[in-house]
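Chemist: Construct the entire structure; sequences and hints are all you get.
Heads up: the sequence lines are chains A and B, in that order.
Note that the working numbering gives residue 16 to position 16 of the first sequence, counting from 1, and the numbers run on in steps of one.
Note that the working numbering gives residue 178 to position 66 of the second sequence, counting from 1, and the numbers run on in steps of one.
There may be inaccurate statements among the hints.
[Claimed, not checked] DSS-like mimics (lysine-lysine), calculated; alpha carbons at most 30 Å apart, straight line:
| no. | chain 1 | residue 1 | chain 2 | residue 2 |
| --- | --- | --- | --- | --- |
| 1 | A | 57 | B | 205 |
| 2 | A | 57 | A | 11 |
| 3 | B | 183 | B | 205 |
| 4 | B | 211 | B | 183 |
| 5 | B | 129 | B | 169 |
| 6 | A | 57 | B | 129 |
| 7 | B | 115 | A | 57 |
| 8 | B | 129 | B | 183 |
| 9 | B | 205 | B | 169 |
| 10 | A | 11 | B | 169 |
| 11 | B | 183 | A | 15 |
[Said to hold, decoys possible] Here are a few chain A residues that sit away from chain B, every Cβ distance over 12 Å (derived from the structure):
| no. | residue |
| --- | --- |
| 12 | 8 |
| 13 | 15 |
| 14 | 19 |
| 15 | 68 |
| 16 | 112 |
These are calculated hints, taken from the structure and not from any lab test.
None of the values given here were measured: they were computed from a predicted structure.
Each residue gets a CB set at the ideal place from its N, CA and C atoms; glycine is no exception.
Chain by chain, the residues run as shown.
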Amino acid sequence: GAGVSQSPSNKVTEKGKDVELRCDPISGHTALYWYRQRLGQGLEFLIYFQGNSAPDKSGLPSDRFSAERTGESVSTLTIQRTQQEDSAVYLCASSLYSYEQYFGPGTRLTVT
Amino acid sequence: SQKIEQNSEALNIQEGKTATLTCNYTNYSPAYLQWYRQDPGRGPVFLLLIRENEKEKRKERLKVTFDTTLKQSLFHITASQPADSATYLCALKGYNTDKLIFGTGTRLQVFP
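Modeler: Here is the structure:
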């Protein structure tokens with residue numbers, strides 16, 4: 001079946017602009033995660049959605065970052081007033097009952 | 113604070129040998145630990161999960177051990193092949209949370 005998809009695959013934006021990143025999880029997966037991965041670094045947890053529970057936003061680095069999820073489907077990560085330090089690959093993953101996570105290919109964000 | 117450490121230096125081994133990667137953690141009581149493989153430009157791929165009450169898990173040429181006294185997991189690839197070259201990430205999940213905390217990963221290079 002289809003895996004996790006993310007769009008766009010690449011995004012170049014000017015400093016100060018807002019960007020919206022999209023994640024389509026595997027159908028039926030209850031949990032959805034967003035991570036940030038800077039060049040040569042590990043995965044940095046951003047936010048986690050599980051069913052209809054309140055999301056765990058403890059990893060969001062600032063109030064410029066927000067995310068939404070519609071039910072158990074699509075999620076969007078929004079970064080407002082982008083800064084150069086926001087440049088990274090943003091990875092989305094979904095899972096069933098919080099076991100192994102299935103990752104999308106990521107969105108490479110470059111802020112100029 | 114919680115910390116997960118993986119050797120940041122690349123591990124270079126000859127084809128056919130056993131590769132052993134280490135994951136150490138502090139200030140954490142994990143319910144389980146997972147290992148993922150990440151190839152350049154791609155999202156991580158789940159390999160194995162081992163629970164805190166399990167000592168060892170095997171899957172084909174892969175073996176994971178988990179020592180909660182030493183706070184350490186070892187990941188072994190036997191009869192390594194050049195196709196095993198990738199970055200390997202460990203990740204821990206604690207009790208009462210669905211959040212996975214990832215290590216920074218160790219890059220493995222298998223030479224023919």
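Chemist: Taking the hints in turn, state whether each one holds.
Modeler: Hint check:
1. For the proposed pair residue 57 of chain A and residue 205 of chain B, the alpha carbon gap of about 16 Å is at most 30 Å, so the pair holds.
2. In summary, the hint linking residue 57 of chain A to residue 11 of chain A is supported, as the alpha carbons are separated by about 23 Å, within the 30 Å threshold.
3. With a C-alpha separation of about 13 Å, the suggested pair residue 183 of chain B and residue 205 of chain B falls inside the 30 Å cut-off, and the hint holds.
4. Proposed proximity of residue 211 of chain B and residue 183 of chain B is supported: the alpha carbons are some 19 Å apart, at most 30 Å.
5. Annotation: proposed proximity of residue 129 of chain B to residue 169 of chain B holds, straight-line Cα distance about 20 Å (limit 30 Å).
6. Our distance criterion of 30 Å between C-alpha atoms is broken by residue 57 of chain A and residue 129 of chain B, whose separation comes to about 43 Å.
7. Distance hint between residue 115 of chain B and residue 57 of chain A is fulfilled; the C-alpha atoms sit about 20 Å from each other, no more than 30 Å.
8. This hinted pair checks out: residue 129 of chain B and residue 183 of chain B have alpha carbons roughly 26 Å apart, not beyond 30 Å.
9. Restraint check for residue 205 of chain B and residue 169 of chain B: the C-alpha separation of about 17 Å stays at or below 30 Å, so the hint holds.
10. Restraint check for residue 11 of chain A and residue 169 of chain B: not satisfied, since their Cα atoms lie roughly 40 Å apart, outside the 30 Å limit.
11. Among the hinted pairs, residue 183 of chain B with residue 15 of chain A is inconsistent with the structure: their alpha-carbon atoms are about 42 Å apart, more than 30 Å.
12. Every Cβ of chain B is farther than 12 Å from the Cβ of residue 8 of chain A; the closest lies at roughly 15 Å, confirming the non-interface assignment.
13. Interface exclusion of residue 15 of chain A from chain B stands, the closest Cβ pair being 25 Å apart, more than 12 Å.
14. The beta carbon of residue 19 of chain A sits about 19 Å from the closest Cβ of chain B, which is more than 12 Å, so the claim that it is off the interface holds.
15. Every C-beta of chain B lies more than 12 Å from that of residue 68 of chain A, the closest at about 18 Å, which supports listing it as non-interface.
16. With 12 Å as the threshold on Cβ separation, the claim that residue 112 of chain A sits away from chain B holds: the shortest Cβ distance comes to roughly 21 Å.
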